[in-house]
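Chemist: Construct all of the structure, not just a fragment, from the sequences and the given hints.
Taken in sequence, the protein lines are chains A and B. Going by the working numbering, the first residue of the first sequence is number 1, and it counts up by one from there. Going by the working numbering, the first residue of the second sequence is number 152, and it counts up by one from there.
Do not take every clue at face value.
[To be verified] Derived pair list, reagent style EDC-like, types lysine to aspartate or glutamate, alpha-carbon separation capped at 20 Å: (1) A:Lys37 / B:Glu213; (2) A:Lys81 / B:Glu170; (3) A:Lys81 / A:Glu38; (4) B:Lys161 / B:Glu232; (5) A:Lys106 / A:Asp78; (6) A:Lys106 / B:Glu213; (7) B:Lys161 / B:Asp243; (8) A:Lys106 / A:Asp53; (9) A:Lys81 / B:Glu213; (10) A:Lys89 / B:Glu180; (11) A:Lys106 / B:Glu208; (12) A:Lys51 / B:Glu170; (13) A:Lys51 / A:Asp138.
[As the list claims (entries may be wrong)] Non-contacting residues of chain A with respect to chain B, defined by C-beta distances greater than 10 Å in every case (computed): (14) Arg7; (15) Ala34; (16) Glu38; (17) Gly43; (18) Lys51; (19) Pro56; (20) Ser128; (21) Ser134; (22) Thr142; (23) Leu143; (24) Ala145.
These aren't lab readings, by the way, just hints derived from the structure by calculation. Since we're looking at a predicted model, the values are computed, not measured. Glycine is no exception: its CB is placed at the ideal position from the N, C-alpha and C atoms.
Residues per chain are reported as follows:
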Amino acid sequence: MPSPPDRRAFLAGAALLTVLPLSAARATPDAMAAAIKEVVGEGTIREGKVKLDLPPLVENGNVVPLTVSVESPMTPADHVKAIHVFNEKNPQPHVFSARLGPRNGKAVIATRIKLADSQKIVAIAETSSGAFWSASADVIVTLAACIEDVT
Amino acid sequence: MTNVLINAPKTARPGEIVEIKALILHPMETGFRPGTNGRIIPRNIIERFTATWNGAEIFRMEMSPAIAANPFVSFFAVATESGTIGLRWTGDQGFLVEEQVAIAVG
Numbered sequence: 001m002p003s004p005p006d007r008r009a010f011l012a013g014a015a016l017l018t019v020l021p022l023s024a025a026r027a028t029p030d031a032m033a034a035a036i037k038e039v040v041g042e043g044t045i046r047e048g049k050v051k052l053d054l055p056p057l058v059e060n061g062n063v064v065p066l067t068v069s070v071e072s073p074m075t076p077a078d079h080v081k082a083i084h085v086f087n088e089k090n091p092q093p094h095v096f097s098a099r100l101g102p103r104n105g106k107a108v109i110a111t112r113i114k115l116a117d118s119q120k121i122v123a124i125a126e127t128s129s130g131a132f133w134s135a136s137a138d139v140i141v142t143l144a145a146c147i148e149d150v151t
Numbered sequence: 152m153t154n155v156l157i158n159a160p161k162t163a164r165p166g167e168i169v170e171i172k173a174l175i176l177h178p179m180e181t182g183f184r185p186g187t188n189g190r191i192i193p194r195n196i197i198e199r200f201t202a203t204w205n206g207a208e209i210f211r212m213e214m215s216p217a218i219a220a221n222p223f224v225s226f227f228a229v230a231t232e233s234g235t236i237g238l239r240w241t242g243d244q245g246f247l248v249e250e251q252v253a254i255a256v257g
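Modeler: In structure tokens:
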């Protein structure tokens with residue numbers, strides 16, 4: 001006699017196997033939240049002080065200019081220690097983590113990033129007093145990065 | 152080396168906040184893209200960028216595959232004393248590039 005439970009288990013396993021690689025190939029809002037948690041730990045994140053500049057509509061996701069600026073006097077007593085940027089839908093939630101200090105004078109960083117899809121970007125600043133401030137921006141991407149082989 | 156572009160002022164007043172911009176030629180291959188043969192192209196990225204002022208670290212950035220090809224970074228620094236600004240990029244496959252620019256403060 002064939003045993004239906006085994007067949008069910010097999011089918012369920014096969015279904016899982018086909019689904020897993022797909023879901024693993026992409027960060028999700030949950031993965032972003034987990035990555036943020038790794039940086040922040042038990043600290044609370046407040047909105048404000050951070051300004052995240054990104055074009056709201058991006059034609060080419062391969063090169064997206066991004067500027068993070070944080071309001072801070074940048075003195076030895078009160079400065080921004082780190083700036084972290086995360087995304088929701090690239091294959092990995094991390095974009096970059098920068099370490100700063102009073103020697104920077106201004107907590108402003110500009111770079112260029114890749115975006116695989118329309119999504120939310122989050123920037124988090126960690127101050128010398130241990131506070132976390134954040135800002136987020138929604139971006140619409142027309143041509144996604146990471147998909148085609150352009151070489 | 153011609154594969155690095157650095158834009159920093161040559162002179163500054165003491166205490167002035169100067170902008171330092173750096174661009175390096177690098178594919179920043181994510182490791183998620185299939186090549187023309189259908190196989191995944193291995194990851195090849197710059198993982199870390201550090202800046203020093205007369206040897207003391209003033210800025211550091213950990214990069215991920217989400218940084219665009221030919222990474223561009225702009226940051227600020229307080230001009231404390233004359234000397235050299237050192238920039239260093241390290242990454243996959245033993246990638247290491249170091250460049251220096253001089254700055255006169257006074």
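Chemist: Compare the structure with each hint and give your call.
Modeler: The hints, checked one at a time:
1. At most 20 Å may separate the alpha-carbon atoms for a hinted pair to count; A:Lys37 and B:Glu213 meet this at roughly 18 Å.
2. For the hint pairing A:Lys81 with B:Glu170, the CA-to-CA distance comes to about 18 Å; that is within 20 Å, so the pair holds.
3. Pair hint A:Lys81 plus A:Glu38 holds up; C-alpha atoms about 16 Å apart against a cutoff of 20 Å.
4. For the given pair, B:Lys161 sits about 12 Å from B:Glu232 by alpha-carbon distance, which is consistent with the 20 Å threshold.
5. Taking the CA atoms of A:Lys106 and A:Asp78, the gap is about 12 Å. The hint holds against a cut of 20 Å.
6. Restraint check: the Cα-Cα separation between A:Lys106 and B:Glu213 comes to about 19 Å, which is no more than 20 Å; the hinted pair holds.
7. Note on B:Lys161 and B:Asp243: the hinted pairing is violated, with a Cα-Cα distance of about 32 Å set against a maximum of 20 Å.
8. With a CA separation close to 16 Å, the supplied pair A:Lys106 and A:Asp53 stays within the 20 Å bound.
9. Of the supplied pair hints, the one linking A:Lys81 and B:Glu213 holds, its CA atoms being roughly 14 Å apart against a limit of 20 Å.
10. Simply put, A:Lys89 and B:Glu180 have alpha-carbon atoms about 18 Å apart, close enough for the 20 Å limit, and the pair holds.
11. Between the alpha carbons of A:Lys106 and B:Glu208 the distance comes to roughly 16 Å, so the proposed pair stays at or under 20 Å and holds.
12. In summary, the hint linking A:Lys51 to B:Glu170 is supported, as the alpha carbons are separated by about 18 Å, within the 20 Å threshold.
13. A C-alpha spacing of about 13 Å is found between A:Lys51 and A:Asp138, which places the hinted pair at or below 20 Å, so the restraint holds.
14. Under the 10 Å C-beta cut-off, the non-interface status given to A:Arg7 relative to chain B holds; the minimum distance is some 33 Å.
15. Non-interface status of A:Ala34 relative to chain B is upheld: no Cβ of that chain comes within 10 Å, the nearest being about 15 Å off.
16. The beta carbon of A:Glu38 is kept farther than 10 Å from every beta carbon of chain B, the shortest such distance being approximately 13 Å.
17. With a least beta-carbon separation of about 19 Å from chain B, A:Gly43 lies farther than 10 Å from that chain, consistent with its non-interface assignment.
18. Every C-beta of chain B lies more than 10 Å from that of A:Lys51, the closest at about 15 Å, which supports listing it as non-interface.
19. The Cβ of A:Pro56 sits about 18 Å from the closest Cβ of chain B, beyond the 10 Å cut-off, so the non-interface label holds.
20. A cut-off of 10 Å between C-beta atoms confirms that A:Ser128 is not in contact with chain B; the least separation is 15 Å.
21. For A:Ser134, the condition that its CB be more than 10 Å from all CB atoms of chain B holds, with the nearest at approximately 18 Å.
22. Non-interface call for A:Thr142 relative to chain B: holds, since the shortest CB-CB distance, roughly 16 Å, exceeds 10 Å.
23. In this structure A:Leu143 is separated from chain B by more than 10 Å, as the shortest Cβ-Cβ distance comes to about 13 Å.
24. Look at A:Ala145: its CB is around 8 Å from the nearest CB on chain B, not clear of 10 Å, so calling it non-interface is violated.
Hints 7 and 24 from the earlier list are contradicted by this structure; the remaining hints agree with it.
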